[in-house]
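Put together the whole structure using the sequences plus the hints.
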Amino acid sequence: MEVQVQYLKMQTSESLTEILMKKLDGLEKKYNWLIKANVLFKIENDKAGEGKICEIELSAPGPRLFAKAKTDDFEKSLAETIEELQRQLEKRQGKFVSH
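Numbering (the numbering used here) for the sequence shown: 20 to 118.
Derived by calculation from the structure, the hints in this document are not laboratory data.
Some hints here could point you the wrong way.
[Unchecked claim] Restraint ranges, calculated between C-beta atoms of paired labels, are given here:
1) E21 x K66: 33 to 43 Å
2) E102 x T31: 18 to 28 Å
3) G70 x K114: 32 to 42 Å
From the three backbone atoms N, C-alpha and C, an ideal C-beta is built for every residue, glycine too.
What follows is the structure, encoded as structure tokens:
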């Protein structure tokens, strides 16, 4: 799977990219039909302190899958986004089962 990572309004983070790649590798092993992942990490001004955003768009057969999370920590945002994508992928895979 091809992965594109962008950091908006912040410096690139090797450790965050490493965590992301591990999680995406796990998804790719389980769902080998994934084609591409576009990932965006960005900081947004938020009075509540929850301005760390992670967005992931996955290209796969059928419509693209998209998930976004906004928390006070990039790792939490990433984890929530991956969980949401897993739910969507499980639904999608259910449609692939041959009859």
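(request) Confirm or reject the claim that E102 and T31 have a C-beta distance inside 18 to 28 Å. (result) holds, 24 Å
(message) A range of 32 to 42 Å was offered for this pair. Does it hold for the Cβ distance of G70 and K114?
(response) holds, 36 Å
(message) Does the beta carbon distance between E21 and K66 stay inside 33 to 43 Å, or does it fall outside?
(response) Taking Cβ atoms as reference, E21 and K66 lie about 37 Å apart, which means the hint holds.
Hint compliance for this structure: every hint is met.
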